[in-house]
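Trainee: In case you want the letters, here they are:
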Amino acid sequence: MRLLPKEVDSLWTLFTAPVVWAGHFLICYVSVAIFCAKPGLLSFEFGSLRLGIALVTGATLVAITLSALLAWRQWGFGAHDPPHDDPTRHDRILFQGFATLLLSGLSFVAVVMTALPAMFMTECLR
Amino acid sequence: MLVGCQGVQSALDPAGAEARAISTLFVAMVLTGGAVWLGVASILWFAMRQGRAVVAEQSASRLIFWGGAVFPSVTLITLLGYAFWLMPSLRPFATASEAALRIEVTGRQYWWQVAYHRSGPPILAANEIRLPVGSRIEFSLKSDDVIHSFWIPSLGGKMDMIPGRANRLSLLADKPGVFRGACAEYCGSSHALMALTAVVMEPAAFDAWLMTEAKASINAGGEGGALFVHHGCGSCHRVAGTEASGTLGPDLSHLGSRQMLAAGIIANTEDNIARFIAAPDAIKPGANMPAFSMLPQEDIRAIAVWLKRLE
Amino acid sequence: MIRPSDRLQDDEGDAQAARLRKVWANPGGWRYWTSVNNTQIGLWYAATAFIFLLFAGVLALIMRAQLAVPGNDLISADFYSQAFTLHGTVMMFLFAVPIFEAVAIFLLPPMLGARELPFPRLGAFGFWSFLLGGIFVCGSIFFDAAPSSGWFMYPPLATDENLSGIGADIWLLGLSFIEVASIAAAVELIVGIMKCRAPGMRINLMPLFAWYLLIVAGMILFAFPPLIAGDILFELQRMFDWPFFDPARGGDPLLWQHLFWIFGHPEVYIIFLPSIALMAMIVPTFAQRPIVGYSWIVLAAVGTGFLSFGLWVHHMFATGLPQISLAFFSAASEAVAIPTAVQIFVFIATMLAGRVIPSTPMLFGMGGIIIFVIGGLTGVMVAVAPFDWQAHDTYFIVAHLHYVLIGGMLFPVIAGIYYYYPLIDAKHLSDRLGRIAFWLMFAGFNVSFFPMHLTGLLGMPRRVFTYPDDVGWNGLNLISTLGAFVFAAGISLVVLDVLRPKHRQRRGEQNPWNAGTLEWISEPKENWGVRSIPFVASRYPLWDQPALARQIGEGRWYLPDAEEGRREGLVTSVLDARPEQVLRVGGTSYVTIISALSLGAVFVALTFKWWIATMVAATVCFCAIVYWLWTGTAEIPEKAEKEVGVGLTLPLYTSGPPSVGWWAMFITMVGDSTAFASLVFGYFFYWTIHDDFTAGVIGPGMKWPLLSAALFVAAWLMVLMARHLNGRGSIILTRAVLAVGVVLAVVASTAGFAGPWQYGMDPRAHVYAAIVWLLTAWTLVHAATGAVMLAYCLARHFAGRLTKDHDMDIGNVALYWHFMAITAVVTFIVIGLFPEVL
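Chains as they are written, first to last, in numbering that gives the first Met the number 0: chain A, 0 to 125; chain B, 0 to 310; chain C, 0 to 837.
Please keep in mind that the hints were generated in silico from the structure rather than gathered at the bench. Careful: at least some of the hints might be erroneous.
What the hints assert, rightly or not - Calculated Cβ distances over 10 Å to all of chain A for the following chain C residues: (1) GLY304; (2) VAL470; (3) PHE484; (4) PRO523; (5) VAL679.
As the list claims (entries may be wrong) - Here are some, though not all, of the chain B residues that point toward chain C, as calculated from beta-carbon distances under 7 Å: (6) GLN8; (7) THR23; (8) PHE25; (9) LEU37; (10) VAL53; (11) GLY67; (12) VAL73; (13) MET86; (14) PRO131; (15) GLY133; (16) GLY156.
Here the structure is a predicted model, which is why all the values come from computation and not from measurement. The C-beta atom is built at its ideal place from N, Cα and C for all residues, glycine as well.
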């Protein structure tokens, strides 16, 4: 078993981290919306919901870190400096790795920001 | 605050807890934002004017990292933390707590129906809201026609009035005075002409006022009242102590004691009342009240005089 | 390293050029307007968008004049409402989005070293749709029938016939029509950028403009469909009284706000990113060095693209949603400031690491950024929910949004005009006039809009036609009005500069600014885009490959000729731009105009509820589109392969994922699925707001929906089998299975219809019935389209245009049916099993 999965040569890997951010965002928004709109439906406390958000956030950050690790490897662990503008497959891959790494960083910060409200808010105030 | 920020409708001249906290937040953000803008603008200016390469590519990249990514991330996370800490304390009314006084305000095109709920039957009024200073008042905000938004900048932020939903807002006035509020959501052609007066009073004065408001005006009888009922005004308007009991239009039981007329638009004078009766559309385009210009001039005058005396 | 062919003899080269010129020539006389060439379409598009800008600008001036003094009666309350509604609508839908489409259509092919975008006729169709829709929407104000409910069209104000009149229908249908055109443009741009780059232009060498446009086109695909879904709900309520937004019958006005702003906020970035993309082309040229932080720009574009979809509720901070929900959106709204800051610092870094040459485009660009940063910072402020409770719907927001849009969009666009004007006729705009215009605009703008921050915080709400004279807003408003006229003077000067005759000016050289990217070798007098399609080996080929421009001009690279008299371009692979195919694109044609006209007629007739005219127009439109597809797509070439020069031979026909048609279908269906997802969101939204969402209405049952879903899956399997059989060459079986597929689609649709029908669900009675009917109808309309596609394949098969080796049609239809099957299964499982079973 390998620590990091095999490299995939695709444009779509670039979008991994933001897609993970979007998933996390949706989970937070939808779970809170349903919890607050239909008080009777979910039989747990707001505190449990916050805990749930914390757990999902943890898992999300792990996923983004994994994406960042993959990207870092694709970028040759930072052995090559940008701009990665040679007309070679190698440089194209380095560019993708670096851009993916940056996007993972942004997504990481965005997930932290999205999770902040659950730290401060303790009920369905309107 | 600066002189230019004062006013009866100014969010920067606070007279309530929420408005005060937001105004402080604003000042903090303006100072930080101003500094950021100055920084960015000067570095741009410098970069535009230098005419030679000042830094190597490596350090330029580092500038992007620190200036474009790290600095905003740290600043914004700090700001968000502060904002999220602030929010629940600004509008703290949780589900259980029942405020001593609840004011139900219903937005209508283009006026406000007001009902004070304390113990006993609700006390009806329109277009003017009075509050006691120093206690947190709960507002129930509704609408019967289109979306309106209830906003008294001096006291706090706004809250929409949405048909089919009952929104809540709580305001804590901390300074007596007369303030102006307005409808903040576009609600039709006379959206601009949908304001309200908010009078913040000392608790004792407020209680006394509410007692008077609960009873019919001592001037409710008389010829003007008879004409009012005779010409059918009562099918839309209510005047306590008379047969007029309509609910489509504003409650006029104590019209004379209000500061403004036609939802905070014109001064409350006999002339203006008469003008409004004769041609509401001229003062408020799209108003639902039909024009009564076909009534004899002297009847309009008599009704206006009578209404002005309803204190 | 790939080397160009040897230089041809002069006469041989001239003969090649003559053939190429003839193939790409525009028709003469009035038939000029049937041209589909990207240069013409781009220019028409841009000119039209600018005329709409001026129109909306005049409306703004009228409004500012009205607000100059308190209690003014220059215009009526009703006209004011029409004016601000149209101002916002026109600026957003008829200027800001179209101008980016225009610039993209004009610039992208030469920038990518391509001759054309992959679907030139689709581009032309988009332009004519835009023109018609725009005239329809704008013209309404001359009949006092313009929409007057605000550009956001909130129900119940806008759903009430008495309060909004026909204007609301004009808005909904006119703009739906334009949205269709925008989505068409998005499809074209995505396929163009992914598949039609010059050989060698790997994704790490792509001009940044293309990166931005790729992201923006993707955003359109996810942002516009929710609005179209909202438009459908809205128009069904207005036309047939289905109560989607009527609380008395279970509806909710807030659903519209969600759908509108899921579109509305990404829209802001859809407008902003292309303008920043222009800056990303201009800054390196005037810093005379490659951009610093190419990858950072990609991060910024992609990051903004994603984050912008998590902001929509910040337009709804005062609607009474739970505070924690507001907080999530507050967080995302702040997060999006990070990629935006990155973009600005990339420009700063590039300028610091280069030698900046002062110029008018840079002046406009940097002036714009200075303004934009203020808008961005006030954006950070209003994203904080408590502050927005005060600022929302006041002049503070008016100031904020104009700082963002004028600084972030209009100034860069004007910078782009000054920068790219030489590409239009090899002449320059006046530097002096440009500078004067800039300072007028810059000063006028700030004088007009800066005071509005204060006006708003002093309590002045937006969208008011008048204000009292004793609240303290008089002086600020007067200053704003004066500034607005100064700003307008600046814009007029730009218009004057563009329009003034330039006969006496000598035609300048190519590439006057010494830019590094390929668009600067396109010759304004030639229609072919590039004389030959180059092999690109750099981000800034004109700087790093000095001989390239000459080699291209001498026709020494790919496709220098047009022996068969066809318009041809290259299709390359997504990541590394390896040449894959020669693509023959459609030429001059009436069919685009007829399709656009008839589709426009459908929308106009619907507005006025002329049902027969609607049917007639729809029939014409259907026939025109089928004719267009039949004659213009999946054409079987006269030979399998073609020599394209430089020792390369490429196929003339491909199908499946390597082909552009497959990509176009895929992308279109992604957009379509987004609209569908929005409707499903609506279904569950109604479930959340009610204790009993069905309100006692007996639903469509389980039997019919599940049967229908199963039948649709069977029909889908038939399509797959037909594709497989066709690939094996079984002619009769292919036809038989296609026919069975059509029949199954019809039977499945009937079963789907039977559910709500048998239970007598009345869509006017309650929103539950309405949304069940709507999801069913959505699926049935798609099934009908799918059945027509199968019938089309059958006909093509009989006509010998769909064969074993030329199977593009069936490949694309199968792709459609994948989405069709998902739509049907989701619809019928949702309405059949939820909420009963779950």
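Trainee: Decide, hint by hint, whether the structure agrees.
Mentor: Verification of the hints:
| no. | hint | result |
| --- | --- | --- |
| 1 | GLY304 | 8 Å, violated |
| 2 | VAL470 | 30 Å, holds |
| 3 | PHE484 | 42 Å, holds |
| 4 | PRO523 | 29 Å, holds |
| 5 | VAL679 | 13 Å, holds |
| 6 | GLN8 | 3 Å, holds |
| 7 | THR23 | 11 Å, violated |
| 8 | PHE25 | 6 Å, holds |
| 9 | LEU37 | 10 Å, violated |
| 10 | VAL53 | 5 Å, holds |
| 11 | GLY67 | 3 Å, holds |
| 12 | VAL73 | 10 Å, violated |
| 13 | MET86 | 5 Å, holds |
| 14 | PRO131 | 22 Å, violated |
| 15 | GLY133 | 21 Å, violated |
| 16 | GLY156 | 2 Å, holds |
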